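As a plain string of letters, each chain reads:
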Amino acid sequence: MPTLSSYEIEELVGSILVLLIFCYAIFWSFNIRSGLSVKLYRRQILGIGLVSIGLAYFSFVLDGGGVLLNPCSATAAGCPPGDLVNTLSFALLFFAPLPLFYWTDLSILAARESDPLGHDYFHWSRLRIILWTVILFTLAVVMITIIYDAVIHYPNPNLINPSEGIFQGLVGFSFITILSLPLASSAVLLPLIWKRSKDLALRRHLKWFALAALFFGFGILFSLSYGQVGILSFVFEGLACILLALSGYFFYKSARATTPLYSFSEKIEAK
Amino acid sequence: MASTGLASLDNLLGSDGYPDRSAILIVGAPGLGKEALSYWFTHSGLIQQEFCLYVTKRSTTEILKDARAFGVDFQSRVPFWIARDGGQMKSDLKDLAALSFNIKDVLKKNANRRIRIVFDALSALLMLNSSETIYNFLGNLFDEVKKYDAVLVSTVEDGMHQPQTIVAMQELFDGVVEFRLYEEGLRVTPLLRIRKMLGVQPQAGYYNFSFSSNGMEVSAYVK
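In order, the protein sequences belong to chains A and B. Sequential numbering from 1 applies to the first sequence in the numbering used here. Sequential numbering from 1 applies to the second sequence in the numbering used here.
Just so you know, the hints here were simulated from the structure itself, not pulled from any lab data. Keep in mind the model is a prediction, meaning the values are calculated, not measured. Just to be clear, a hint being listed does not mean it is correct.
[Stated by the list, open to error] Here are the simulated lysine-lysine pairs, DSS-like style, with alpha carbons at most 30 Å apart:
| id | chain 1 | residue 1 | chain 2 | residue 2 |
| --- | --- | --- | --- | --- |
| 1 | A | 198 | A | 253 |
| 2 | A | 39 | B | 223 |
| 3 | A | 195 | A | 39 |
| 4 | B | 94 | A | 195 |
| 5 | A | 198 | B | 104 |
| 6 | A | 198 | B | 90 |
[Said to hold, decoys possible] Computed Cβ-Cβ distance ranges for the label pairs, DEER-style:
| id | chain 1 | residue 1 | chain 2 | residue 2 | range |
| --- | --- | --- | --- | --- | --- |
| 7 | A | 17 | B | 90 | 54 to 64 Å |
| 8 | A | 140 | B | 104 | 56 to 66 Å |
| 9 | B | 163 | A | 13 | 40 to 50 Å |
| 10 | B | 78 | A | 141 | 38 to 48 Å |
| 11 | B | 68 | A | 176 | 34 to 44 Å |
| 12 | B | 132 | A | 141 | 49 to 59 Å |
| 13 | B | 171 | A | 126 | 36 to 46 Å |
| 14 | A | 57 | B | 7 | 45 to 55 Å |
| 15 | A | 198 | B | 146 | 26 to 36 Å |
Yeah, the Cβ is synthetic: ideal placement off N, Cα and C, and Gly gets one too.
The shape of chain A in the complex, shown without the other chains (with noise of 0.2 Å):
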């Protein structure tokens, strides 16, 4: 176990105070998911649960609790290159964005579901097969390259070692292939179903996911920008632990809005 400094430690319960709302977004999400029958959304919900998932790691990792993960990040000359927490973290950077792809392509199915005229919103019945094809073709190839890399190249990988090599070209074109596509229809279409939607749960529920990504991504640039701004960087951490875990409880409120949750009444109760 690293030795932490106080600064470090109260960083590590921030970011645990973080992970344990997100826990419970997650647990929502599973919840009512087993409460449902039809496979549409079941998966619809599904996504929110692991993209819940995938932002939770991604935060506590980044927030502070990368160092229980990795006990070599927290020493003074770093992890080998050849390491394989590191190769593996890397690689699953590349799932990172699938979550979200999931969680979209079943939203807007769920809003053609929902749409009084059963409209194929973007002609998304044909689009979606192309650009699984595309995410899916893509990831099965990085993943062979970073393989390959680490295998081939041990313990100097190119891809995690700086230096020249042809497969980082083609793993950075990849990252941003995979990733650019699930944010570019989630920042886009969503929107605009949401505009047309005449659905009142298919809307709340979009409108928490947004307020949920808004606040994850803000929260992520300051815990990112702290390091950067000197005296202010507690002022930039609390912050960013604030916004992560509002964005944590704006995933649950996501989750509870896809589908109505009702109280028992005492009156039906009494025979």
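Start from chain A and add chain B according to the hints.
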């Protein structure tokens, strides 16, 4: 009585099914499987060689695929479809007058038979029209339906509309079956409740339900 197609639900209603010459509303959020009641209701009618009319905003292919997922196979016998695609008549939800005329025309041509009608376009119509317009449309439709030996079952999506709209719709129908997710602490449970049913005393309380290829299993919910 018109059997619901599900023995467990027939028992719950305290009779052999939905009352004759009635309009039944099934309320539930998307994803809870309330459409299954429409499929089983239609299937039951087809087996008994009753005339079954299915009015939907979707295509027949989508309905058939969805019904199969709930264990209902319309292959050998199919209802009369008023659907977006694949039906004997096209459902144009933007033209209420034409929709009303088509339904009444079909009913008139089958007046000498026992009739079952499934109307799963109610939520779509509420999104395209004002509540008052749909209220009048339904009132008109029910007057027509009750001239014949018919039972109408309609579904509406809970959560999609304003709560007062759902309450207003419930007032209009003779029977209301609710599918809801109930929250008890950290637990979420899908439960069924018979809110009201014309002329019969349904069993009060909440009921667990689950779907299988054989139908729907229902059991009393214990807190």
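Hint by hint, here is what the structure shows:
no.: 1; hint: A:198 - A:253; verdict: holds (20 Å)
no.: 2; hint: A:39 - B:223; verdict: holds (27 Å)
no.: 3; hint: A:195 - A:39; verdict: holds (25 Å)
no.: 4; hint: B:94 - A:195; verdict: holds (20 Å)
no.: 5; hint: A:198 - B:104; verdict: holds (29 Å)
no.: 6; hint: A:198 - B:90; verdict: holds (23 Å)
no.: 7; hint: A:17 - B:90: 54 to 64 Å; verdict: holds (57 Å)
no.: 8; hint: A:140 - B:104: 56 to 66 Å; verdict: holds (57 Å)
no.: 9; hint: B:163 - A:13: 40 to 50 Å; verdict: holds (42 Å)
no.: 10; hint: B:78 - A:141: 38 to 48 Å; verdict: holds (47 Å)
no.: 11; hint: B:68 - A:176: 34 to 44 Å; verdict: holds (42 Å)
no.: 12; hint: B:132 - A:141: 49 to 59 Å; verdict: holds (58 Å)
no.: 13; hint: B:171 - A:126: 36 to 46 Å; verdict: holds (43 Å)
no.: 14; hint: A:57 - B:7: 45 to 55 Å; verdict: holds (48 Å)
no.: 15; hint: A:198 - B:146: 26 to 36 Å; verdict: holds (31 Å)
In summary, the structure agrees with every hint in the numbered list given earlier.
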